[in-house]
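**Student:** With the hints as your guide, set chain B onto chain A.
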Amino acid sequence: MRDRLQELKGDKEQMEEIMQLNAQGLHCPLPVLKAKKVLASMVVGQLLEVSATDEDSVRDFEAFTRSHGHLLLKSWQANGVFVFLIQKGETS
Amino acid sequence: MTLNTYERCNPQMRGLDLLQKIRTDFIGIDTHYTLATAKRSKRHFLDSAASTLMMKTAQATAFEFLNHYSNTHSITHFSARISTEAYEWAHARILSFLHADPEDYTCIFLGSGSTSCFNRISKIFRDLKPDQNTVLISLMEHHSNDLPHRQHHDNVFHIPLEGEGRHMGHLNMIALEDLLQKYQGDVSYVAVTAASNVTGIINPIHEIAQLAHAYGAYVVVDGSQIVARQSVNVGHNVPHSRNIDAFIFSGHKVYAPGSPGVMVVRREVIQDVVPTNVGGGMVNRVFRQSYEVSPKLPDREEAGTPNILGAITLAAAIEVLDRIGMDIVSKEEERLLQMLLLGLQDIPEAIIYGSYDLSRYPRVATVAFNLAGFDHGLLATILNDYYNVAVRNDCFCAHPYVREMLLQELWDLDVLNDLNQDVFDHLDQEFIKARQGMVRVSLGLYTTERDIEALLAAICDLNSQHDFYAQQYSYQGNGVYRHNEFQPNHTSLFHPQDVVNFFLKNK
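First to last, the protein sequences are chains A and B. Take the first sequence: its letter number 9 is residue 205 in our numbering, and every next letter is one higher. Take the second sequence: its letter number 44 is residue 47 in our numbering, and every next letter is one higher.
A couple of the hints might just be wrong.
Distance ranges between label pairs, derived from CB positions [what the hints assert, rightly or not]:
1. A:E258 with B:F66: 33 to 39 Å
2. B:P207 with A:L267: 53 to 59 Å
3. A:V279 with B:N158: 22 to 28 Å
4. B:Q432 with A:E258: 21 to 27 Å
Hints in this document: simulated from the structure, not taken from any laboratory. Predicted, not measured: the structure shown is a model, and the values here were computed from it. Note that beta-carbon positions come from the ideal geometry of N, C-alpha and C, so glycine has one too.
Just chain A, same shape as in the assembly:
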């Protein structure tokens, strides 16, 4: 029981942490592949923020999250950097 509580506590801490991935300077399909690797290590519901400079990554992350069961919560651009906030889904 104590172990299970510890496990849940760990999950909660992990949930609150926003993972960061710097994919700037990488070209398709590497930003998505790197994000996919990080997402695989995350728990369902956790957030990942990816920054990229490849213009194609805008369409890529829209399509990738849609086809792999994740949620693209928000995306924005600032100073030539594209940022994507992704919530890990259950079916990835």
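**Tutor:** Only chain B this time, still in chain A's reference frame:
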């Protein structure tokens, strides 16, 4: 040698009879190479989308013409007259072949390949409509019908295709109309290919023209992949709004290597635009401080000595195609395409790109595919080295299109069995490059059932011996594989100096 010494076929011969007669009359159809197995065999040339073999009739016409060769732009001596008239005939022959009325259209020969033509038409529209700085192009364009527009206009947007990923079809007409509405008043022209150089999928160019014209945009069509394969009607459509404003192709796709790029363009579009290439042959008078450009088309757009020999060679090849009849050419090609597609579909590991529902998305005979377990470079190299099948691989100068069709496969790379964590951690562009491409098979007039059978048999055979073949090759980077032992010296097969030496020695 004069024309009388050639064994001439009946000049009245037309249709399928003529096609059967000339099918083997291509230079290189009997080329043999020694393979990695040490066996010598005849090449199966399945790379016609890149460059076709040369039609012997076109070559014979060129050789015969050389007896009279002289520069054009003169009608004084016999040879100059012959050259000038033959060069003018080449223009007229191409207009007629494309159903483009010479009253409305002009034919311009430019550069080698279609790239010069696309650069020129982009600059023409930039100068004709300087306030309209947006160009719409389809996602499936060859770089030659993409980058020139980016170079000469502020905004270039890609029009999506129907379907998704590897199952995409032709241009999405609804998406085109959405873009035309969104940028209404600012779209200078729409540039699309008539048929993809990657998948062979055909775009509905006349429907595209009608829609673009309704929004005040011109239409440029890349005809490189269709002109030798299907009948083209540039300027005799009903209603006229379905006509094409500029149709561009290259002679090296029409059985006439060494011939120029061709732009058939509406006179109204080009008549008042100042030429950017200046020099001899396009001026009436030149003074120390100024010059007077000739109003005559195509002269004003063909500065300098033209590729006279190439233009005549090309027009001769087109004459033969016209005599066969493009309906017969396309029917024959469709028969072989069906055979190829059905054969590939029977191979479970084969992944065919682009929708192959031919009733919905017709194609010319070009098919891009991959074989699970083989990188595209390895597959194409094995087909060459062990089976003498010449195909092309990589991205075929259409990166955005190829990328879009491969995306899901590339995203799945991390779940491949041969990828462990260490490899993933060192993933780099080189690793991707080996997998970011396809193998393309493309047919020509000389392609036979035997060529298709040889290809399909080779794929089945190599697919059953994956480990053997994988061990024979080393990855060289940039998608290239090289056989560990079989590295023939290509200069021993042909080197220009050897031919020069041979002829001089035998003088």
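**Student:** Each hint should be assessed against the structure and marked as holding or not.
**Tutor:** Hint check results:
1. Taken as a hint, the range 33 to 39 Å is violated for the pair E258 (chain A) and F66 (chain B), whose Cβ atoms sit roughly 58 Å apart.
2. In this structure the hint that P207 (chain B) and L267 (chain A) lie 53 to 59 Å apart at CB is violated, the actual value being about 37 Å.
3. Checking the proposed 22 to 28 Å range against V279 (chain A) and N158 (chain B) shows it holds: the Cβ atoms sit about 24 Å from each other.
4. Here the CB-CB span from Q432 (chain B) to E258 (chain A) is close to 23 Å, well matched to the stated 21 to 27 Å.
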